[in-house]
Structure formats: structure tokens, C-alpha cells
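Let the hints inform the model, and build the full structure from the sequences given.
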Amino acid sequence: MSKPNVEVSNKSMLGRLFRKNNKNIIGIFTVVLALLFISPYIYIVLTSIKPSSDAISSSPTFFPRQLSLENYVTMFNQMPIIRYFLNSFTTASISTILAVFLGALAAYGLSRFSSKTGHAFLLLTLCVRMIPMISIAIPMYIIINVMGLIDTRIALIITYTAINVPFSIWLMIGFFNNIPKEFDEAARIDGCNVFSAFIKVILPVSLPGLATAAIFCFMLAWNDFLFALLLTSTNAKTATVGISEFLTAYNLDLGPMTAAAVSFSLPIMVFSILVQRYIVSGMTLGAVKE
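The sequence shown begins at 1 in this note's numbering and counts up one residue at a time.
Think of the hints as simulated: they come from the structure by calculation, not from any bench.
Keep in mind that the hints are not guaranteed to be accurate.
EDC-like cross-link-like pairs, simulated, lysine to aspartate or glutamate; straight-line CA separation at most 20 Å [stated by the list, open to error]: (1) 200 <-> 185; (2) 200 <-> 190; (3) 200 <-> 184; (4) 200 <-> 182.
With beta-carbon atoms standing in for the labels, derived distance ranges [to be verified]: (5) 191 <-> 117: 28 to 36 Å; (6) 199 <-> 124: 20 to 28 Å; (7) 63 <-> 207: 40 to 48 Å; (8) 80 <-> 138: 27 to 35 Å; (9) 226 <-> 62: 48 to 56 Å; (10) 83 <-> 185: 49 to 57 Å; (11) 271 <-> 42: 14 to 22 Å; (12) 39 <-> 93: 44 to 52 Å; (13) 124 <-> 53: 49 to 57 Å; (14) 185 <-> 273: 50 to 58 Å.
Just so you know, even glycine gets a beta-carbon here, dropped at the ideal spot from N, CA and C.
Structure follows, in C-alpha cells:
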């Protein structure tokens, strides 16, 4: 009678061992895959702290032979990179605030006053967001040029806001659908109109959604290259365009370029890692329910 029990016990032990090995294999595979993805960025970081001669050497090494901040010094001396960074931060921040606020207003109206026209508008915004950015670049340039705003921060703010509003609407409408309408009714009883109820009651409740939309909108504007290249030349030039100028038809300043790339990307990467769990929870909480 004890033999079947021993066989069952052996099978259960083998099953646990197999599952444990599977987890280890999956973990190793995940680490290797992650290293493959981040290895180019690690190489850029290591190149930025090499001497400039080693950065463009005909026999480059992955790890620096000696550490040097020469590329960062050259980056600051060669071009007004701080002004470019300020342009990127200013345009991304202001456009994010406008896009999130306008998107929240539109999403709240579509959520609380739904109609066939509202559904059609919602689908239209989705279609607009699906259009490739390159296809609207020339029309946007013509509009901005007619307005006399070429090479201004306002041009980039208008462009980024227009691009991010549809995304903000689609993200925020899920949050507003999950907020009970009793909140609005309670605010009305307390004497609020529709707008004041939205500002005083609904927005504070939907802060996770606002934060999630703001993070994505800011990243899109911060990383943009196409419209910054097309709509600016000197005064409003952003960091993405400035970094590209280290590469010319006659020369490649690889060391300063990698230093600028690290300075531009590292803060936003650290920020993304820190707020990752808030992004995931926000996207999950704001899932659109039909």
C-alpha cells in the first residue's frame, strides 16, 4: 500500500523541480534579452566617458581604457546645449499641461453627456491619432508659417498640444467612466455648476489618470525630432535637433554626441523607471469599458 504513495510523492517532487527549473530558465532568458536591448545604450554611456580619441578609434573597445569627462566639456563648449534643453523642457511641459487639461475637458463631456455625435467625435479623434506624423508635417509647417510662428516655442507648443489631445481624450475617458455620476450630482446639490464640479470634484478624483496622461504626453513631446527639425532653426531649437548637429557631411563628433545623448535621455529614463508602477496602475484603472 505504501508503494503508490511513494510514486505519487516522487511525481510531485519531479513536478516541483520541473516548475522551478522552468522559472529559472525564463528568468535567465529575460535577463539575457534585457541585456541585449540595453547593451547599445550602455555602449553609448561608456563611449561618453572615453577620451575623444578613443571614441572615434578605428579599433574601438566596449569598456573605456581610461575615464574622461572631455566629451561633456566639449559638448557644452561647442554649442548652446543648455538653451536647447530649456527649449525642450519648456515646450514639452506647457504642451503637456494644455493637452491634458483640454483632453480632460473633452473626455469629461463625452463621458457625462454621451450621444451618437459624441461617439462619432471619439472615433474621429482615434482616426486622427492613427495618422502618421510625417503625413501632417508639411500641412503643419504651412499653417505655422502663415501664422508667422516659425522658429518659436509657441509653434512647437501648438503642434505638440494638437498631437497629444486625442491621446489624452482616449486615455482620460476611461477614468471618467469609472467615476460614479453621483459625484457630479452631489456637487450640483452643493451649488456647483458643471464646470466647477469638474474642477473641484472630478479632477481631484481622477489624478492618477491625469498623471498617466501627462507622463505619456510629456515623453512624446520631449522625444520629438520631426516637428522640432521642421519648425525651428535657431531660437527655438530643441535638444533632439541640437544632438543631430554633431553629425555633419564632413565630420562626426561621436564623443560629444554620445555625451549629449546621455544627458538628454538619462533623466527621462530614470524618471520613467521611478513612475513605472504608477503608469501601469493608471493604465489599468483607466481601461475603457464598453
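For each hint, the structure was consulted:
As the CA atoms of residue 200 and residue 185 are separated by approximately 13 Å, the hinted pair is consistent with the 20 Å bound. In summary, the hint linking residue 200 to residue 190 is supported, as the alpha carbons are separated by about 11 Å, within the 20 Å threshold. Restraint check: the Cα-Cα separation between residue 200 and residue 184 comes to about 10 Å, which is no more than 20 Å; the hinted pair holds. As the CA atoms of residue 200 and residue 182 are separated by approximately 14 Å, the hinted pair is consistent with the 20 Å bound.
Roughly 30 Å separates the CB atoms of residue 191 and residue 117, a value that falls within the hinted 28 to 36 Å. Here the CB-CB span from residue 199 to residue 124 is close to 26 Å, well matched to the stated 20 to 28 Å. Checked against the hint of 40 to 48 Å, the C-beta distance between residue 63 and residue 207 comes to roughly 44 Å, which is consistent with it. Checked against the given bound of 27 to 35 Å, the beta carbons of residue 80 and residue 138, roughly 29 Å apart, stay inside it.
Against the hinted window of 48 to 56 Å, the Cβ-Cβ separation of residue 226 and residue 62 comes to about 32 Å, which falls outside the hint. For residue 83 and residue 185, the hinted distance range of 49 to 57 Å is satisfied, since their beta carbons lie about 51 Å from each other. At about 19 Å, the beta-carbon gap between residue 271 and residue 42 stays in the expected band of 14 to 22 Å. Separation of residue 39 from residue 93 is about 32 Å and departs from the stated range, judged on CB atoms against 44 to 52 Å.
With their beta carbons about 56 Å apart, residue 124 and residue 53 fall inside the hinted range of 49 to 57 Å. For the hinted restraint 50 to 58 Å between residue 185 and residue 273, the CB-CB distance of approximately 41 Å leaves it violated.
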